[in-house]
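The chain contents come next:
There are 2 protein chains.
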Amino acid sequence: QPGRVILVGAGPGEPELLTLKAVRALQSADVVLYDDLVSPDVLELARREARRVMVGKRGGRASCRQEDINELMVELARAGERVVRLKAGDPMVFGRAGEEIERLVAEGVTVEVVPGISAGIALAAALGASLTHRDAAHSLRFVTGHAKSGELDEGLDWRGLADPDTTLIVYMGGRTAGRLAARLIAEGLPPETPVAFGFGVGQRGQRLERHRLGDLVALGSVPTDQPLVIGIGKVFAAGTPAVSVPAETATVF
Amino acid sequence: QPGRVILVGAGPGEPELLTLKAVRALQSADVVLYDDLVSPDVLELARREARRVMVGKRGGRASCRQEDINELMVELARAGERVVRLKAGDPMVFGRAGEEIERLVAEGVTVEVVPGISAGIALAAALGASLTHRDAAHSLRFVTGHAKSGELDEGLDWRGLADPDTTLIVYMGGRTAGRLAARLIAEGLPPETPVAFGFGVGQRGQRLERHRLGDLVALGSVPTDQPLVIGIGKVFAAGTPAVSVPAETATVF
Numbered sequence: 022q023p024g025r026v027i028l029v030g031a032g033p034g035e036p037e038l039l040t041l042k043a044v045r046a047l048q049s050a051d052v053v054l055y056d057d058l059v060s061p062d063v064l065e066l067a068r069r070e071a072r073r074v075m076v077g078k079r080g081g082r083a084s085c086r087q088e089d090i091n092e093l094m095v096e097l098a099r100a101g102e103r104v105v106r107l108k109a110g111d112p113m114v115f116g117r118a119g120e121e122i123e124r125l126v127a128e129g130v131t132v133e134v135v136p137g138i139s140a141g142i143a144l145a146a147a148l149g150a151s152l153t154h155r156d157a158a159h160s161l162r163f164v165t166g167h168a169k170s171g172e173l174d175e176g177l178d179w180r181g182l183a184d185p186d187t188t189l190i191v192y193m194g195g196r197t198a199g200r201l202a203a204r205l206i207a208e209g210l211p212p213e214t215p216v217a218f219g220f221g222v223g224q225r226g227q228r229l230e231r232h233r234l235g236d237l238v239a240l241g242s243v244p245t246d247q248p249l250v251i252g253i254g255k256v257f258a259a260g261t262p263a264v265s266v267p268a269e270t271a272t273v274f
Numbered sequence: 022q023p024g025r026v027i028l029v030g031a032g033p034g035e036p037e038l039l040t041l042k043a044v045r046a047l048q049s050a051d052v053v054l055y056d057d058l059v060s061p062d063v064l065e066l067a068r069r070e071a072r073r074v075m076v077g078k079r080g081g082r083a084s085c086r087q088e089d090i091n092e093l094m095v096e097l098a099r100a101g102e103r104v105v106r107l108k109a110g111d112p113m114v115f116g117r118a119g120e121e122i123e124r125l126v127a128e129g130v131t132v133e134v135v136p137g138i139s140a141g142i143a144l145a146a147a148l149g150a151s152l153t154h155r156d157a158a159h160s161l162r163f164v165t166g167h168a169k170s171g172e173l174d175e176g177l178d179w180r181g182l183a184d185p186d187t188t189l190i191v192y193m194g195g196r197t198a199g200r201l202a203a204r205l206i207a208e209g210l211p212p213e214t215p216v217a218f219g220f221g222v223g224q225r226g227q228r229l230e231r232h233r234l235g236d237l238v239a240l241g242s243v244p245t246d247q248p249l250v251i252g253i254g255k256v257f258a259a260g261t262p263a264v265s266v267p268a269e270t271a272t273v274f
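Protein sequences appear in the order of chains A and B.
First residue of the first sequence: 22, per the working numbering; consecutive thereafter.
First residue of the second sequence: 22, per the working numbering; consecutive thereafter.
Rather than coming from a laboratory, the hints here were simulated on the basis of the structure.
Just so you know, even glycine gets a beta-carbon here, dropped at the ideal spot from N, CA and C.
Watch out, some of these pointers could steer you wrong.
In silico DSBU-like links for lysine-lysine, alpha-carbon gap of 35 angstroms or less [as the list claims (entries may be wrong)]:
hint, chain 1, residue 1, chain 2, residue 2
1, A, K255, A, K169
2, A, K255, B, K255
3, B, K255, B, K169
4, B, K255, A, K169
5, A, K255, B, K169
Below, a sample of chain A positions facing chain B; criterion: calculated Cβ distance under 8 angstroms [unchecked claim]:
hint, residue
6, T40
7, G77
8, A118
9, G149
10, T153
11, H159
12, L161
13, G181
14, P185
Chain A with its partners taken away, still in its complex shape:
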């Protein structure tokens, strides 16, 4: 019986935010290859007999090279294993799934993708902020805070990103937050534009903060051990009514 690989979105961390389909995939897995960012609570959902292998990756730490992860998946699938490749959030949004799928398909391995709740979407739910509120945004945009180099991505159309009617979600932007804010302001986005920080959003110990874009410039970088997602735009105005967030899991400033 041939093996296969299912790329599964683990969502932001809270096991309840996995889809039924993701849980089903985990419960039929022989092997689970997971990223460092996947929470232990989510791994708990995997079939008890499943082998769990951490394959990376977190900025700065040693982790498997992408090529090695690809190779491992191919080998396991060829050996007839049901492989789940578990990725934080959604596999197709800044999840490097493209390279993995290409390699697997090139090798004739059956691949399936199970979507997940991306951090930006979880941030919106936690804050009760409609990302496309009719009065405040007609476009929603996802970018990363840095290019391969670790610096701001010069290839981005910064003028477009500075559109005050766009809601901007920035992944992995902790290190470049100050430079990002300065650049957006230079391109015309008002310094008083509301900003939301979601630290480990959709996880135990989630923390939400509200800022103004101008404040980020002085702040510089945002050192944190938790995954950080940043929301920028009018929809994150403090006036936005915060919805009920369980007291033990979140603090809203």
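We have chain A; now place chain B onto it with these hints.
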């Protein structure tokens, strides 16, 4: 005991694509207020005793006014009911949740939001297309195909939307597909840019089609009874390896 309202993302239609949290909300609901676009299979997950009320809304058909929906939610919550407001996809992405949350919070009603899989994310999973493939896109963008007027949204920064390194997801774009394509081409996006159509993606009877941007101009509008999500960008190239999609539920052209 006070009532409360949970805005729940129903995902694209397949019940397996709901989160565990969404299912739990449905199974503890007294009343479920659902949109026309929510699939019957998803409604099946609601507690058997729950009253199910269709409140709208689909282009062209009679449906409740937003004000009436808001009012109904407030009244039910005040009467102590556990209300689930069930919305297709994710409530915070083109779901009009902003107005509902504002009203509920203004009336002192407790609100919670449970995120869901948005159609654009489901499209990516169905096609096996990483929306932010490193070699093809450094930005991901969600817009609607029409403004309140039903026409293209003139307020959008069309030059920015025509960035060949952006993946563009268009919701509710069936009627304006031709005009949208013509506009993007006029702003510089190559006519050979790959396009993916997802009809009822993530639902039974899902249908996927691949086109080129230039072909849409002649096509004009795309009449369909299914919800349509359109993906535009290099990540949708036909070369993108299609992942395994159950044969009985999907056709890939």
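So, going through the hints one by one against the coordinates:
1. K255/A / K169/A: With Cα atoms ~29 angstroms apart, K255/A and K169/A stay inside 35 angstroms; holds.
2. K255/A / K255/B: With Cα atoms ~30 angstroms apart, K255/A and K255/B stay inside 35 angstroms; holds.
3. K255/B / K169/B: Distance ~29 angstroms between K255/B and K169/B Cα, so the pair holds.
4. K255/B / K169/A: Since the Cα atoms of K255/B and K169/A sit roughly 19 angstroms apart, the hinted pair holds (cutoff 35 angstroms).
5. K255/A / K169/B: Roughly 19 angstroms separates the two Cα atoms, so the pair holds.
6. T40: holds (5 angstroms)
7. G77: violated (16 angstroms)
8. A118: Interface hint status for A118/A: holds (5 angstroms vs cutoff 8 angstroms).
9. G149: holds (5 angstroms)
10. T153: holds (5 angstroms)
11. H159: holds (6 angstroms)
12. L161: holds (4 angstroms)
13. G181: holds (3 angstroms)
14. P185: With a closest approach of 11 angstroms, the P185/A hint is violated.
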